[in-house]
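Peer 1: Below, each chain spelled out in residue letters.
Protein chains: 8
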Amino acid sequence: ERLGMPEAVLCAGKDMVSLNSIVAELAARPDHPVLFTRMEAGQLGGLDPEHRAALDYDALSSTAVLHGHLPARPGNVAVVTAGTSDLRVAMEAARTLHFTGVSHKVYADIGVAGLWRLTERIEEISQCDVIIVVAGMDAALASVIGGLVGKCVIGVPTSVGYGVAADGTTALNAMLASCGQGVMVTNIDNGFGAACAAIRVLNSLMIKESSV
Amino acid sequence: ERLGMPEAVLCAGKDMVSLNSIVAELAARPDHPVLFTRMEAGQLGGLDPEHRAALDYDALSSTAVLHGHLPARPGNVAVVTAGTSDLRVAMEAARTLHFTGVSHKVYADIGVAGLWRLTERIEEISQCDVIIVVAGMDAALASVIGGLVGKCVIGVPTSVGYGVAADGTTALNAMLASCGQGVMVTNIDNGFGAACAAIRVLNSLMIKESSV
Amino acid sequence: ERLGMPEAVLCAGKDMVSLNSIVAELAARPDHPVLFTRMEAGQLGGLDPEHRAALDYDALSSTAVLHGHLPARPGNVAVVTAGTSDLRVAMEAARTLHFTGVSHKVYADIGVAGLWRLTERIEEISQCDVIIVVAGMDAALASVIGGLVGKCVIGVPTSVGYGVAADGTTALNAMLASCGQGVMVTNIDNGFGAACAAIRVLNSLMIKESSV
Amino acid sequence: ERLGMPEAVLCAGKDMVSLNSIVAELAARPDHPVLFTRMEAGQLGGLDPEHRAALDYDALSSTAVLHGHLPARPGNVAVVTAGTSDLRVAMEAARTLHFTGVSHKVYADIGVAGLWRLTERIEEISQCDVIIVVAGMDAALASVIGGLVGKCVIGVPTSVGYGVAADGTTALNAMLASCGQGVMVTNIDNGFGAACAAIRVLNSLMIKESSV
Amino acid sequence: ERLGMPEAVLCAGKDMVSLNSIVAELAARPDHPVLFTRMEAGQLGGLDPEHRAALDYDALSSTAVLHGHLPARPGNVAVVTAGTSDLRVAMEAARTLHFTGVSHKVYADIGVAGLWRLTERIEEISQCDVIIVVAGMDAALASVIGGLVGKCVIGVPTSVGYGVAADGTTALNAMLASCGQGVMVTNIDNGFGAACAAIRVLNSLMIKESSV
Amino acid sequence: ERLGMPEAVLCAGKDMVSLNSIVAELAARPDHPVLFTRMEAGQLGGLDPEHRAALDYDALSSTAVLHGHLPARPGNVAVVTAGTSDLRVAMEAARTLHFTGVSHKVYADIGVAGLWRLTERIEEISQCDVIIVVAGMDAALASVIGGLVGKCVIGVPTSVGYGVAADGTTALNAMLASCGQGVMVTNIDNGFGAACAAIRVLNSLMIKESSV
Amino acid sequence: ERLGMPEAVLCAGKDMVSLNSIVAELAARPDHPVLFTRMEAGQLGGLDPEHRAALDYDALSSTAVLHGHLPARPGNVAVVTAGTSDLRVAMEAARTLHFTGVSHKVYADIGVAGLWRLTERIEEISQCDVIIVVAGMDAALASVIGGLVGKCVIGVPTSVGYGVAADGTTALNAMLASCGQGVMVTNIDNGFGAACAAIRVLNSLMIKESSV
Amino acid sequence: ERLGMPEAVLCAGKDMVSLNSIVAELAARPDHPVLFTRMEAGQLGGLDPEHRAALDYDALSSTAVLHGHLPARPGNVAVVTAGTSDLRVAMEAARTLHFTGVSHKVYADIGVAGLWRLTERIEEISQCDVIIVVAGMDAALASVIGGLVGKCVIGVPTSVGYGVAADGTTALNAMLASCGQGVMVTNIDNGFGAACAAIRVLNSLMIKESSV
Ligand SMILES: Nc1ncnc2c1ncn2[C@@H]1O[C@H](COP(=O)(O)O)[C@@H](O)[C@H]1O
Ligand SMILES: Nc1ncnc2c1ncn2[C@@H]1O[C@H](COP(=O)(O)O)[C@@H](O)[C@H]1O
Ligand SMILES: Nc1ncnc2c1ncn2[C@@H]1O[C@H](COP(=O)(O)O)[C@@H](O)[C@H]1O
Ligand SMILES: Nc1ncnc2c1ncn2[C@@H]1O[C@H](COP(=O)(O)O)[C@@H](O)[C@H]1O
Ligand SMILES: [Mg+2]
Ligand SMILES: [Mg+2]
Ligand SMILES: [Mg+2]
Ligand SMILES: [Mg+2]
Ligand SMILES: [Mg+2]
Ligand SMILES: [Mg+2]
Ligand SMILES: [Mg+2]
Ligand SMILES: [Mg+2]
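Residue numbers (the numbering used here), protein chains in the order written: chain A, 501 to 712; chain B, 501 to 712; chain C, 501 to 712; chain D, 501 to 712; chain E, 501 to 712; chain F, 501 to 712; chain G, 501 to 712; chain H, 501 to 712.
Since the hints were derived computationally from the structure, they do not count as laboratory data.
Beta carbons: idealized from backbone N, C-alpha and C, even for Gly.
Careful, some of the hints might be misleading.
Partial pick of chain G residues on the chain A-facing surface, computed with a CB cut under 10 Å [to be verified]:
1. L503
2. G504
3. A553
4. L555
5. Y557
6. A559
7. L566
8. G583
9. D586
10. G636
11. V660
12. G661
13. G663
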């Protein structure tokens, strides 16, 4: 956190004994806001009731916040999704940005299958400092946005789809091989990481600005 | 050929003894036009000089034609490429269509990195009966065209690119997982197969028309 | 839909809040037929009861139709399967064709393990405008049909099988590398996409015919 | 060899110092026939001239024989190929069988793209004790023969082809997942191994017969 | 079956409506023994009670037999496993052999981690006409037996293990690349296919013998 | 270019006819600086001599510049490499930054095998606006820097190494799965793309600053 | 065991009939301590109650011990983990070491995302004879420790993480390609194997020492 | 080197400008012995003649030594290979051990295809402190030795072979999944790394011994 990054606990794969002990420790530090990611409903249910009550839990993004969010920062981020099914991942990014105090807006379900949906919003989207593009399957949306905007574009491939698409590798590789030059990529379904990357960009910005 | 398909010899992987014997046999049947695909310059050079002289060879597509082309057929095909590097594959498709007597036009280097290049030509492209889209890397062009046109769209992934793109698997999978519903796909770099697929579609058409 | 393609909602991966809101919105437009694909029994059960009642649901293909089907169109399609286990995917194609108003017939369990089963029906199958071949494991049926018929052949690899076959990649690659030239391929288990591809072919046909 | 198997030296990957020393040692044992496989022309050229002269080298199969072949054995084997490009591998099998004294016949270029080519010869092929099927790309020929004959069928996938076919994995997996039950498979391009497998089968046979 | 092969129904992936209809049809033909493979307990439970009662079901191998087994044939087969966990697959082979009337013996848990276990039994094993080796993980047992016996050796890789071993690909590839020349391989976990392959070998044998 | 991005021509995979025509066209526009990437020595040699003379070619990075570079921009970038072998890729990034007018410094051969090399320079590196980390094999350097600095970190995996490392996939995946949260990644060996990504970040910055 | 290695039964994949029979047999030999690994809670519950009671079961590591542990041996081992989620695997190693009588200490959650956590303990860790590093995702910790310590370092990649990390292949390959020279690696999640490897090292040590 | 590890320069992938500058720098420090690995003949030829003359180059292992070797250390290592083709990798290990002053012996071509070759030498091999097993293809030798010896066994998979074996992944995975418990593994073809791992083990030993 001394790096200007959010403190987060990845709950996936943690046994309940360890998780309860981590939550207990953090609950005792009220001045220290923490984000929990990938917390399954089952894990939430297995927490000590008093700690569970202290958490602000969101089911769609599987995130929970303890002790409120960080102070507002300059900069704003667009979180764009190709389809409705990409929302879980987009909301993980949005919740992380909210927790960190970063202004943002979600533009859902505007993939290239119906190009006019993007065309109508591209002007507004291109006003943001950073654009996070969340897309599965062919992930063509990242390339198209990368070709239309010269700002920082961060692609988050999702595991949405089936057959060759299902584990997100196709979306990941399509983003990495994107003809839209300079599109950056995170791990599959890593909405948290994309938000952190955006925060890194805004960190540079903040320092620049404050030193003006 | 009795199926209305072009007769073609795939030269890749054939030893010169076998290839020379195949060419000799076919050269003796002047009423029987044949297409040779993936004939390397080295293979051309290794042919018996008299047979080599009888071939109409094209270096960019690595194809050769013996005994002229088939009579003209109804229907027309658009062959679209994302980049200049996809031309080798696109020209294999174009040469196959030409050999089979099918009218066609090549639209090169109009990938989504510069979307306006496509926008300017999409009206004309959508007039064709079949659209072959040749693209490597993220192959986003196939999805975009599939979303803009309701005719038959055949995607040919290419091995153009490097890193995660280099063997064409990313382009292949992106086309297969395309959000443009009903886009059909051939093997990587298979311009010949895409032309054959287009001919299959036109075969159905011809029969329909002639029976009207 | 303005492209002559069916409007479809892919339910796989959608959370119930999003799905219920999509269904509610579409239910309010009775003149607007819609197809739902990959709707699990659990998702059907989670819908608002009034909307659930309005759906024509089919368990084998996991599809549901809202507000009836589209008007009949010219053209007819054969849907062929190698084994009984490929039926789920074949029925997704058949339901999509039915929804779109396209005449079709299913030929099930006629794979090459018993070649006579195909031989007996190939004459009838080759009368159709488009042939969809649904097969898993070695997918040899697509190659054999591609070698016997010159019409448009669309291969749908399935994830039927186990070991090297189980995720459908073997069937997919075998179809892509098919020695039956010009066989086109869709994503694994994508019966919907194959039907859409067939509709694209028939779209070209319709325009041709109507302009005769 | 005490197991009734041919003694063979795999030359691929051996440095010339090691290879020359192996050849010298074996050349000194004239009563001891040996087969060299995957001997590149360059390796042949790098051998000591006197040893090179003693070898019976075949370029197409990249095999060489030293000190003649083994005595004739009972049994006979069909070696079938789908295409002309599969000949290199088929000839490696044929040379191994010849070296071991096993009667055999090669049936080349009878793949399922033109099913009648197989139909004309299947009766004759099914008379053999063992059938080796050499095929690349979709390898559908192995499944079709497996469905037509109840004798021992050994599939040899080849690396013939390009795109998804090129390294032979598609042919390998298609053979392993074959709907023709009980088809056995060897490594890609392993004509030698297929011949050895056939010899193992004939070994069982010989023992049975001699003990009758 | 006219090929001398067992008739079998693969239950995996079949919906209960299809499966019940197949079983009903076969139950009506008492002179026609049939083997069901990969029948899950859930599928057994979903069968019409009268048909369920008619089946001889074995839980370990997930097989069921209807209308008894085929008459005894000449030849005998060794089924060897590396570990106890490979038993499910080995028993599928054994049940298929039993159903087809082939004499066989199972040698379980004699992998190379304790080489003496193999050494003690290799003499007896090598008396059989065909040896089926069932092994997962490194599958080293197939190579060792292939090096010790000159008879027909059929490797069945299993999906036993975890990490790089878990899906059976490592065992499959190790068997395919075996230094024991002429070892033949089936699909992962395909005990049924290995038994069928053994039956193909014995078919050749039977014909030979009866013609002596 | 209207997006504030450098105009670049990827030479890899282009035939000489196409490449010469592209260069000729661009050479005629002296007010229009252009960058050529992945230009092999062979391609340079195949250019028309007059155009070749006009290019500023760099062999290590395989880049060429035509008509000088763009005007200087605010912002500065650190290009860090793990090993000496990563220099080719790092220099492609550096040349792209230089061409675009971006101040930068290269820190070579400071991988984690000798952690002190990094420790000595981390203070200086963390002063830059953007940090590009070029690393192959385990790519651990990206994670370590990501853990020490809160600014924008862009990882470029390289194909340096052999065995499991050789094609760069291990480095790519390690960077994507990095425990250093918010590290962004480009395609393997894509120094150009990393520079473009850095320019996108600086574009946001410039706009912010100029609007202060 | 005559090799100085622990006797262990891998429960994963074993059916309950086989497992109960193995446990019964071993329970009858009280002088013979045995370790059970990968015993799921379900398997424990399926054991005969009397045997279940005799087992010392640990849920986190899924291990059980029968008849106590082996006598203490010389040497000591550090078991280091990158994250809390790696504990299951680390505890499998620790339980195996404990069972075999080897002194050890677990250092948990000291990955490179917060480098100071490692720095504080590296001195103590480097005092041990063998260091086992348990890490998933990018597994950078193994490289960093390998660069700081010259003793025997054994890497255990874990399947912790998601996307490109989830099955442990990325961690495995990153460890194999580690820039920390001479780091040895085991299978994914194989804490047992790492402990056995450490015991092999200590076996050499013991013999050396006792012969001093 | 302060860790007791050899100092080595990996030449693969280094451009000649960088390599010559590295060699020049090291040549100036005569008290500082250095090992060069993976130095191709072409690279050797491109060195400044005076430096080339100072190198002790070995073509089979592609290694070169500058300024002699390190003082002798206690301990001894067996380097075992399955086949003759594995020698290049085994000699890289042997040269590294020699350079570092470690006593060792190479046992070549004793793979399990002829088990007696191993049986004759296993007694002698098991006397060594560390056993390095170099094997490609199925790598069964590592499992067999791991089952026969309780000392430290380090497996080095090689890229020897073709088809599924050719890139060494099969050998790598077979070693990782070895049924010989506690076998440790290095990267494919990494003879250098195996020697370094052995040196790490001996480092622990030396310290133990000297402190006795
Ligand atoms: N959803 C997420 N995806 C990736 N990394 C995460 C996520 N949530 C938290 N993390 C990071 O995971 C690291 C390890 O977390 P922990 O296992 O709690 O020590 C922390 O540094 C977090 O920044
Ligand atoms: N079974 C299916 N397979 C592939 N795509 C589908 C399927 N069903 C619907 N689609 C398409 O998925 C796209 C995204 O749907 P949605 O997530 O509802 O916005 C739509 O354009 C549909 O045409
Ligand atoms: N366990 C099995 N593994 C592989 N193939 C099988 C298995 N059991 C039956 N089969 C074959 O699967 C084919 C298709 O069966 P079905 O789906 O019932 O038509 C039949 O020809 C059977 O020989
Ligand atoms: N967790 C484990 N991972 C890998 N191998 C194991 C594990 N536990 C036991 N083993 C080994 O697995 C081998 C086979 O065990 P079994 O299936 O009981 O015959 C034994 O030699 C054990 O040493
Ligand atoms: Mg949508
Ligand atoms: Mg272009
Ligand atoms: Mg069937
Ligand atoms: Mg042919
Ligand atoms: Mg066992
Ligand atoms: Mg270095
Ligand atoms: Mg942690
Ligand atoms: Mg040898």
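Peer 1: All the hints need checking, so say for each whether the structure fits it.
Peer 2: Against the structure, the hints come out as follows:
1. L503: violated, 34 Å
2. G504: Hint on G504/G: violated, closest Cβ of chain A at ~33 Å, above 10 Å.
3. A553: violated, 23 Å
4. L555: Check failed: Cβ of L555/G comes no nearer than 20 Å to chain A, outside 10 Å.
5. Y557: violated, 15 Å
6. A559: holds, 8 Å
7. L566: Hint violated; L566/G Cβ to chain A Cβ min 24 Å, cut 10 Å.
8. G583: holds, 8 Å
9. D586: The hint holds - D586/G has a Cβ within 10 Å of chain A, the shortest such distance being about 9 Å.
10. G636: holds, 8 Å
11. V660: holds, 5 Å
12. G661: holds, 8 Å
13. G663: holds, 3 Å
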